[in-house]
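Those sequence lines, one after another, are chains A and D.
The first sequence begins at 1 in the working numbering and counts up by one.
The second sequence begins at 1 in the working numbering and counts up by one.
Don't take each hint at face value.
Stated by the list, open to error - Restricting the straight-line Cα-Cα distance to at most 20 Å, the calculated cross-link-like pairs of lysine to aspartate or glutamate (DMTMM-like) are: (1) D:LYS142 / D:GLU156; (2) D:LYS74 / A:GLU284; (3) D:LYS74 / A:ASP285; (4) D:LYS74 / A:ASP283; (5) D:LYS202 / D:GLU25; (6) D:LYS74 / D:GLU63.
Calculated from the structure, these hints are not laboratory results.
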Amino acid sequence: MSTLREALAQWSPSRLWQRAEARLGRTSAGAAALRHGQYVVLPLAAIAAGLAAEHMTIRWAFAMIIAASYLMLRSSTNLFGIVVLGAMLAYLPEHMDLFERGILFDVALYAMLGIGLNIVVGYAGLLDLGYVAFFAVGAYLFALLSAPEVGGGFDVGTSFWLVLPMAMVVAALVGVLLGIPVLRLRGDYLAIVTLGFGEIIGIMLNNEGATGLIGKHVNSTHGLTNGSVGVFSIPKPYFFDIKLATPHEMYYVVLVGCLLAAFAAERIRVSRVGRAWEAIREDEDVAAAMGVNTTQYKLLAFAIGASIGGLGGAIFAAKQSAVFPSDFNLDVSVNVLALVIIGGMGNVRGVVLGSLLLIGLPDVLRDFSIDLGFVSLDNLGADYRLVIFGAALVAVMVLRPEGLLPSRRRAAEFEQARVIEAERAT
Amino acid sequence: MAILSVRHVGRAFQGLLALNDVSLEVEPETIVGIIGPNGAGKTTLFNLLTGFYRPTSGEVWFEGKRIDGLPLDKIAAAGISRTFQNIRLFASMTAIENVLVGAHLHLHANVGTAVLGTPQVRREERAALATAVELLNFVGLKGRENELARNLAYGEQRRLEVARALAVRPRLLLLDEPTAGMNPGETAGMTRLIRELRDDLKITIALIEHQMRVVMGVCEYITVLDHGEKISEGVPEVVQRDQRVIEAYLGTGQIITEGGG
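Using the sequences and the accompanying hints, generate a full structural model.
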């Protein structure tokens, strides 16, 4: 058992890859295959995914395997690979039904939220359990500005695109508001306070209806947020003359948002700002002694993370056409944090992989069944999907506590912890 | 004109006086040593100078500005940087990234320009990398740029701390036991490095050190602390013969008899 566990602990996609690389690289043909192989394999895989039988599980399995293998190969510097991946992601929903497209939208949306939270948790090391607050702020901002009955009802035909940066700015301000009181807190204490903050926003949305403290002064029938009834009939945005009415069209919006967020997060990570965050995460006092204004940089992390959450919220509201306080509960924060941790903290590609697994898998499992002839479990997925899902999460955390695709630093930290533990054992 | 002037500084920790009425002056471009037995308050003094603690009494002046009570980053910006007795590198970052964090104050990229990747940001980043490589070469870490700090050998980690502190471009560098735990070869290298810092880079250096050979060899002026108080100061030859210093290290040599029994 212990050897098995050791073997599993040793297992890592990048290590397997490195080993294969070392072995193949010895022959000239192997080296050439390594260098050019992905230019052949990736397009083939993309075509296969597009043409896959129109059975959801199969298609999803394909999509995930391809995305996962792509992410694991880590050839982010390879422009060709990115183009192929982009084309594949754009093509993917073409043959899907409404339900599948909904899942795809959620995966992309949560990947974007994960990228935002990863800035706060993975880069700056500030554990935030109230991320839903910023998501809610973005969603309600768009809803209240545009809904004709409850909110302002101004024309969003083209101004949806103006609301998006507004949502980012407002969410960033809320992020700073949260940041100021928690600046001195670390670790567990920070987590509890942010948890409370997330709850406060959710409860406020629920209570600021016609009888709310502020709401009753704003509007006697709807209050500020229309309470638990929610804000409905949010108009659909337009992209020039194209009405973005379905999850399919909104998927492209969130996909572009996701790519932009990933690009920005990656650029910031390798800059002076990213290094300052890393330093704060490693040793806050020493970072300050090297001249980093830790107050300013922690607030900045909250603000940037929050702005991406706000952007996601506004897109979510536009896609749903209606928002309710119950959409913004603790589950959202926990899911986003879980996908960051499982995917691999500090790494954008890990976060995307985490979203595929955490958000995509539970729905894909609905269709999962086993039929071996002598034993047939045809409702396995529908009845037990969350059990399977939970077991998968436990397995990932036991076998790879650093996440599936950790950043180089996280991997190093966990390796160190492992060595120390091994030394203690002897 | 002294570059650093510590005036009647005291620091109490819940009634315990870690430092009591300590004054000292450091002249520009000198190497001064701060010595004393364990618990004498040497590191506490460094922590007061760099803003880790606020003094409970007294003042600290650096280049004509009062700096006691300023936050850590403002003191770094004023031109003081330090290394740590128990090495405090950013362990999961590479050697060169550690140095680049030290250069934080001299770079100007912000979130906006970093995302856009403006030409200024790229130019400044290239220049910072070149400087960082130079600093690593200077402290003898050539070729170790991309090694994680935690994977460096002990002596290398101490030198990386020096490189990181130098990236702040300090005019006063505080070294807290720079040769602790080093073998004789590494110690000689560090001593040479300290001299070069002063001679080539014109940096004023204050160091805490336990190895008397290093202190007497490299320092031009020495301050001796014991139980939080300054008991002696002067050039090495004088301090070495000071009776109070000898007593502080070796005891008084008398058997103290107490009344009653």
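Could you work out which earlier hints the structure fails to respect and list their numbers in ascending sequence?
No hint contradicted; all consistent.
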